[in-house]
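**Q** Given chain W's structure and the hints, the job is docking chain G onto it.
There are 2 protein chains.
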Amino acid sequence: MSEASELDVTASPVPDIPVRDEDEHLNREFIAAVEAAIEANDQDGLRHLAADLHEADTGDLLETLDPEDRASFIRLLGEDFDYTALTEIDEAVRLQVLEDLPTEVIAEGLGELDSDDAVYILEDLDEDDQAAILEELPYADRAQLQKALDYPEESAGRRMQTEFIAVAPFWTIGQTIDYMREARDLPDSFYEIYVVDPTFKLLGSVHLDKILRTKRDEKVTSIMEETRQAVLATEDQEEVARRFERYNLVSSAVVDENDRLVGVLTVDDIVDVIQEEAEEDLRALAGVGDEEISDNVMTIARSRLTWLVVNLGTAVLASVVIALFEDTIEAMVALAVLMPIVASMGGNAGTQTMTVAVRGIATQELGARNLLRVLNREILVSVFNGVALAILIGVTAWMWFGSPGLGVVIGGAIVINLLFAGLSGLLIPIALDKMNVDPAIASSVFVTTVTDVVGFFAFLGIAALWFGLPF
Amino acid sequence: MSEASELDVTASPVPDIPVRDEDEHLNREFIAAVEAAIEANDQDGLRHLAADLHEADTGDLLETLDPEDRASFIRLLGEDFDYTALTEIDEAVRLQVLEDLPTEVIAEGLGELDSDDAVYILEDLDEDDQAAILEELPYADRAQLQKALDYPEESAGRRMQTEFIAVAPFWTIGQTIDYMREARDLPDSFYEIYVVDPTFKLLGSVHLDKILRTKRDEKVTSIMEETRQAVLATEDQEEVARRFERYNLVSSAVVDENDRLVGVLTVDDIVDVIQEEAEEDLRALAGVGDEEISDNVMTIARSRLTWLVVNLGTAVLASVVIALFEDTIEAMVALAVLMPIVASMGGNAGTQTMTVAVRGIATQELGARNLLRVLNREILVSVFNGVALAILIGVTAWMWFGSPGLGVVIGGAIVINLLFAGLSGLLIPIALDKMNVDPAIASSVFVTTVTDVVGFFAFLGIAALWFGLPF
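Residue numbers (this note's numbering), protein chains in the order written: chain W, 1 to 471; chain G, 1001 to 1471.
Any given hint might turn out to be false.
Derived CB-CB ranges, DEER-like [as the list claims (entries may be wrong)]:
hint, chain 1, residue 1, chain 2, residue 2, range
1, G, 1075, W, 52, 22 to 32 Å
2, G, 1130, W, 309, 54 to 64 Å
3, G, 1075, W, 370, 16 to 26 Å
4, W, 25, G, 1292, 31 to 41 Å
Derived list of chain W stretches under chain G, where covered just means 3 residues or more per stretch with a C-beta under 8 Å from a C-beta of chain G [what the hints assert, rightly or not]:
hint, segment
5, 133 to 140
6, 284 to 291
Honestly, the hints are just simulated from the structure, not real lab data. All C-beta atoms, glycine included, are put in the ideal place defined by N, C-alpha and C.
Looking at chain W on its own, in the form it has when it is part of the complex (with noise of 0.2 Å):
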């Protein structure tokens, strides 16, 4: 069946598509041959056209499909579909898709797959869909996925893959080239082999460059990298993700507690990891949560507004302030119009502020050993940046209502909440941090309700005392 279908298709009159434009994006002439193959239920046609596809390309095509497409694609491809494309879509794409595809075809699906892949596709699923996929497979498989789940989630147990080469210290170079040409079931890829004791305690890695420049009768030990630190299974993925960039690390050997090898982590898994880490923050800064391009209206809804009701408190506090000063706004109305200068302009440089102290914690780059100093030049920056606003700010007021007084009030007002900014955009970063909270999550809301309550504060209160104005 194989080899008839790989005869249809030299004999296959489709011609080439290029899969991606120049852009980078799917080919759209591709997408819609695609389409046409399934319409059709061309099997050949559909597997000229996507059986060679690299994994990724398989992934976003998928995405690109029809949901109902969906399914067909994988049925029509049969043995020729990776299930590792799965490991390349959202989340809500990859639910969709294994909710139309029957519990045995996924389970032989993901038979083919390195743990760490079969476990990425697995561990978003409910543990009734997980448990009936599982009981499909062998045993073998069966057990060593279900060791993978039982670690915790973002943990490096569940991103490694327990196929691995480890070979024992009184091995030769050569010993083990020969081991690895006879070995089946190799990982797909891997970059180093391990040494490990008779109890499986890792001892060390060998890079295989250092195994292809060395000579066949050496000991592996002699150009072993003895292990400094191993990555232990129950480890939080970001935590790794740090030691991987650190380190510029292509693979790592994972260990259980008692420092036995038990998997390896590569760097591509990483990536993704290190990717999310810097999106998360943005996203959190910003105020959504995980959400992707494909989840739907009122997931998205529910989880941004959350965010905006707990902002909501922040602006009612600020009303809260100006509501002290209704008579002395009722007195002089220009102090209404010119009120949101004085927080919008403090609400941005506490942004700026807070968002290099959220990243700097992130990546350590800001601690308690350059606290003092960071510090010190966010004050100096603040009142350098708000005496050059002031002025500039001040000069308006005055020239727009004629009242230098207004310049004078308008420009103190801005000194004095640039200064609150500063502060407040790095020591509410810190003190979250310190307390155990990700100041990702929780600074904006803090800083702006700084920035807010001290800018509508100063401004009034000092037009007031300047003006003798009732509040």
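**A** Frame of chain W, contents of chain G only:
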């Protein structure tokens, strides 16, 4: 000299101190020991402490030391100082260190490095300093580095290393392994080798694990992966990073415009680019440039002031809108109390949508193919959240000021402003991207302008009409 110091080291009384504490920060005790050794000019003590450090740890250590100690540290370590550490530190620290070191010392240090690391260190220096250092290098090294520096900034040619292994298509696996065992001047570490024709045109790549699994007498071409799409040396590093990420690459060949192999990119360089890219969006949205924790006050103040002044325009525009309604506010000062709530809720909702849109564009998850669906979703989310907030805020305003009419007015303004926030949060980044302006940099000014102007105008305008107030 080197031997003598090694003898001293074994006799050295300095105890072994862990380099990092439990939080993975540099250990204070360790830093103190290093500082003491520098202070005492104790070369052997310092070597014992720091000669075997990983380059990333050496880099962190350099950043932590007082600026005046850094050059002494490098001088005392002498040939035990690995200049790769200079690629691991902030630009500002690197420039300061290089300033303090003699040109010939730097040249000697750079001569030991892979070309990508040497270029990374050289590229931020001004041209005179670059030329002075290059002059001290042997001709071959100098020509190689000069060629890399001739590629545009942030291009693949700047990031690649020019050390790699290339073999002819008729070679066998055995020949290839023997060649690697004999060859000197191999790259520090590598993950694949390349197959080229006699004109050095790239034919394909062979992963090291494939070589190790294959019998000696097979041809390299039998396990070669044909090059689908090689990286061009002039290509932008962000595009390259996207490809590494999409296809889970660990390394990739780099070719010139004639498809000739000129270098190799490895994932450790690309990891930094991927992180920078996500972080750049975060910083751009918050209006901070690529400032570093170590930058000085004036650099930072100036770069942040630009953003504040641009946003001042937005704030003034909002004030102009308020000024249109001076008479309205004078007649009903409660409006001044409540108006920041409308603007602030709109601003927050706009930022949420904008953040998702900006990242969606950057990661290519948002494009023409799903724009309509996402737009439709944003409208529904905005209406849903707008109505929910309108009820909450409307009731609050009614209770506070005892006026149900005021509740209706603010509720209506909230619904309108959230709809505009959703639309502008999505459409402004997309429009900017179409006009080839980086949406991360410019979006938030425009979105805030929309939500401020619409917020104040809708609230004060509806109030004037509803209550029959003057304006």
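**Q** Could you run down the list of hints and mark each one as holding or not?
**A** We went through each hint and held it up to the structure:
1. A C-beta distance of roughly 57 Å is found between residue 1075(G) and residue 52(W), which places it outside the suggested range of 22 to 32 Å.
2. The hinted window of 54 to 64 Å between residue 1130(G) and residue 309(W) holds, with their beta carbons roughly 55 Å apart.
3. Evaluation of the 16 to 26 Å hint for residue 1075(G) and residue 370(W) yields a pass: the beta carbon distance comes to about 24 Å.
4. The beta-carbon spacing between residue 25(W) and residue 1292(G), approximately 34 Å, falls within the hinted interval of 31 to 41 Å.
5. Residue count for the segment 133 to 140 of chain W with a Cβ under 8 Å from a Cβ of chain G: 0. That is fewer than the three needed, and the coverage hint is violated.
6. Here's how the segment 284 to 291 of chain W fares: 5 of its residues keep a CB closer than 8 Å to some CB of chain G, so the rule of at least three is met and the hint holds.
Hint check: violations occur at hints 1, 5; the rest are consistent with the structure.
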